[in-house]
Structures are given as C-alpha cells and as structure tokens.
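Residue numbers (our numbering), protein chains in the order written: chain A, 1 to 229; chain B, 1 to 209.
Just so you know, these hints were derived from the structure itself, not from any lab.
Take these hints with a grain of salt, some might be off.
As the list claims (entries may be wrong) - Partial selection, computed: residues in chain B whose CB lies under 7 Å from chain A:
#: 1; residue: 8
#: 2; residue: 10
#: 3; residue: 23
#: 4; residue: 105
#: 5; residue: 152
Because the structure is a prediction, the values reported are computed rather than measured.
Using N, Cα and C, we set each Cβ at its ideal position, and we do this for glycine too.
In case you want the letters, here they are:
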Amino acid sequence: MRSATEPNGPGKSPNARRIRAGFERWNRKLHFYAGLFLLFFMWLFAFSGLVLNHPSWGFTEFWKNRKQTNYEREITVPGPEVKGDLGQAREIQRQLGIAGEILLTTTRTETNQFDFQVRRPGHFFFIKADLARKRVTVQQDDVNLWGVMRVLHTFTGIPVENAPTRRDWALTLVWAYSMDAVAAGLIFMVLSSWYMWFELPQKRLPGAVVLSLGSLICGLFCVGLRWLF
Amino acid sequence: MSGRFYRLIRDLHLYLGLFISPFVLVFAISVFFVVHSWRPRIASETSTIRVVSALPLPGDLPTLSGRPLIDALKPTLEKADVRGEVGFVRHMVKEEKLIIPVTIPGRETTVTISIASREATIVTRETGLADALVSLHKSPGQHGPDIRMNWFCMRAWRWLADATVYLILFISVSGIYLWYVLRAERSVGCILLLAGALSFFGMAYALSH
Numbered sequence: 001m002r003s004a005t006e007p008n009g010p011g012k013s014p015n016a017r018r019i020r021a022g023f024e025r026w027n028r029k030l031h032f033y034a035g036l037f038l039l040f041f042m043w044l045f046a047f048s049g050l051v052l053n054h055p056s057w058g059f060t061e062f063w064k065n066r067k068q069t070n071y072e073r074e075i076t077v078p079g080p081e082v083k084g085d086l087g088q089a090r091e092i093q094r095q096l097g098i099a100g101e102i103l104l105t106t107t108r109t110e111t112n113q114f115d116f117q118v119r120r121p122g123h124f125f126f127i128k129a130d131l132a133r134k135r136v137t138v139q140q141d142d143v144n145l146w147g148v149m150r151v152l153h154t155f156t157g158i159p160v161e162n163a164p165t166r167r168d169w170a171l172t173l174v175w176a177y178s179m180d181a182v183a184a185g186l187i188f189m190v191l192s193s194w195y196m197w198f199e200l201p202q203k204r205l206p207g208a209v210v211l212s213l214g215s216l217i218c219g220l221f222c223v224g225l226r227w228l229f
Numbered sequence: 001m002s003g004r005f006y007r008l009i010r011d012l013h014l015y016l017g018l019f020i021s022p023f024v025l026v027f028a029i030s031v032f033f034v035v036h037s038w039r040p041r042i043a044s045e046t047s048t049i050r051v052v053s054a055l056p057l058p059g060d061l062p063t064l065s066g067r068p069l070i071d072a073l074k075p076t077l078e079k080a081d082v083r084g085e086v087g088f089v090r091h092m093v094k095e096e097k098l099i100i101p102v103t104i105p106g107r108e109t110t111v112t113i114s115i116a117s118r119e120a121t122i123v124t125r126e127t128g129l130a131d132a133l134v135s136l137h138k139s140p141g142q143h144g145p146d147i148r149m150n151w152f153c154m155r156a157w158r159w160l161a162d163a164t165v166y167l168i169l170f171i172s173v174s175g176i177y178l179w180y181v182l183r184a185e186r187s188v189g190c191i192l193l194l195a196g197a198l199s200f201f202g203m204a205y206a207l208s209h
C-alpha cells in the first residue's frame, strides 16, 4: 500500500526513488509496529510515572495497605566456602526459597547477626539471620497493584547511585534491559516521526513551530536554567 | 464526518507528538543513565567555592523545619545569590551550622551557613547535561513531597512532566486508531500488539510471583 508520505519528486534516478520510497514505507510501518509492541510498556511507565510524581494521591497508597506476615525458619549456617556478605545472603535466600534482588542496607557489626533485604515487585522481605542460633526471622510485606506498578518503574537492581553493587537476580537484569529496549524504541519512534513529518511539505511550517516550541521549553530546563540562574 | 474526524486525529497526533517529542527524548535518554547508574563524562565537572557574609537569618530558625524552614531561608539564599530547588536542610545544632543543598538541573550547590557568624561557604558543582536529564527524569519523584517543588521552575517542570504523560496516553490511543484504519496493517499490528502484551504481562508476572 502506498503511503501518503511517499515522494514523487522529479530529477532523481528511478533506483534512488525506489530506495527512498522503500525507506519511507518501512519507516512508517516500523513506527507503528514499534508503538504497538511497546504499548503496554509505555502505558506502565507513563502511568506509574504520574503516580510517582503524585505521592499525595491517596488512592495509590500501597505501603499502609500492605499485608505483613512474620515467620521463623531454621537454616544451615553458610560454610567458610561462601565468601562475603552477598554470598551469605544468597545462600540464606536459597535456603528460604525466596526469589528477588538482594539489598544489603545495614553495616554488619556482629559476625553472628546478619540483616538484609530481598525485594521484587510486590514483595519486600526483611531478613534477620542469627547465625549462632541457626535461625532466621523473616518479615514479608506484600503490597497491592499500585505498589507493584511503582516498583516496576524503579526496579533497576542498583538502588543507590554509584553504589558498589550489581544485579544478582537474573530477572532484574532482564527487566533492566527491557527498560533500555523501551527507551530505545521510544527514541526510534521520535526520530521516525520527525522524518515522516518532514516528508509532508504542507505540514512542515506548523510542525516546525510546535517542535521548536517544545524544544525551547525542554531545552530551557535541560540547559537554559543553568545559564539564567 | 468520519474523514474529518480521521484528519483531526491525524493532525493532533502529529502536532502534539512533535510538541512532546523533546520531552520524550529527555525521559528516554535518561533511562540509560538511571538504569545503569552511569553518566557519560562529556565535559569534566567543575567546582567553585565562594564565601558570603552578613546573611540575614530567620529569627525563629530553631522552631522551623520542613517546608516552613525552606520558605524562611529563601531570602537568605537570595542574598547569597543561590537559586534553585532546595533539598533537605540539615540543622547541626551542636556545630551551629545549616547545610542547605540547592539544585538546578545540571548544577548542585551546597550552602553551609555558620549561624553565629552569619557567614556562608557556597560550593557550586556543575554536573553536566547527563546529570541534568537524570534530575529532570526523577523530578518531582516520590520522596519528600512536603518539601519538594519549592522553586517555581521545578513546579513548572512537574506540570510539564504530567502533561507529557497525558499527551503520551492521547498519542498512543490516537495511534491505535490511526493504525486500525489501515486495513492492510491490521493483522501484523494485532500480532505485534499481542506479542507486546504477552512480553509485558509475562515479565511482570515472572517478576512479581
């Protein structure tokens, strides 16, 4: 199907015209193919972004409405072959059968007391291991769908900037690269839309006005504020 | 009638899309920096230090905290020629010091005021474009809603961030309509939509269960 954006400009070889028409057709197709594939991801990040920006919206409250369960388990103390806090946390996590990203948030002061967290969207596990007693107490907090949405938006596996940490759950890595893919898809959609707009001569001027206006406002925040203040 | 409706939706999709496209780029590019906690060092960070004296301080300083404290410190910061979004103010009672972080996208300023001498040491760090994009991506954010957005520029940014979301929702819905009108593309589009839904819900399920 021929697109309304396809050119019919004179003065070019038929081969060049064919290549250009093919490029335009595929640019247009890929624009909406990417949009359709990424639709649910875009809606998640857009909607959860809105929710994150409005913490005062009471209906999105998740932490106060969480379901909390506490339990105790016996464990086998990780042996000397298990190296470091992360290794010990992984071993205890494996014994408890909990899946998720490990967070080492407290500095260990006693060798027999070891506290850490495991998180995954919708579930927070606060684990306190008493290695001398070979017992672990687990506080599990399960949050509602709003909580799942918020965590999905921010679930990168690297909680603190420049923290000496890396992702230790395979699914965190998959999700992090999915975020990259969605971002790359959005960048492609913006660039392809600019090309499609530019190929419509009658819409170039009004389009240039709105694009310039958007760029000016956006540029003001990205670089302009530093010059002005 | 349907032709006019189609043209109206197509034009709105185009013009509104062009308007928000720079904002979408800001959010999309900064994703890479946020997800991987990485910043490209295009230019080296610069840092300057200056000292300002005879600063006015609010009389009821010890009784203030949170947003009222930030509001009361605004004239002090203005006198010191420091503008921007004020973060969490630390009042170090024993040392008689106030530490005030002030940010503008791409710039971090730390104002340390000695309450006794009313003298301030101001450290300004230019952190660059990538950092500016990240700080805009995270603004206003979920933390400290009582103190955040205390600078009019960042209040305007909150409004723009919200507008970007609403326009993305409109553009995606209008895009679905524009795709659906193209009969020849329906089957491929449906497959991609389904594949996207499966990937998304499959991943969300695997992460949360």
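Hints, one by one, checked against the model:
Because the beta carbon of residue 8 of chain B sits about 14 Å from the nearest beta carbon in chain A, more than 7 Å, this interface hint is broken. At its closest, the beta carbon of residue 10 of chain B sits 9 Å from a beta carbon of chain A; the interface hint therefore is violated under the 7 Å criterion. The beta carbon of residue 23 of chain B comes within 5 Å of a beta carbon in chain A, closer than 7 Å, and the hint placing it at the interface holds. At a threshold of 7 Å, the smallest CB-CB gap from residue 105 of chain B to chain A is about 6 Å, leaving the interface hint in force.
The restraint placing residue 152 of chain B at the interface with chain A is violated, with a minimum CB-CB distance near 11 Å, outside the 7 Å limit.
Violated hints for the displayed structure, listed by number in ascending order: 1, 2, 5.
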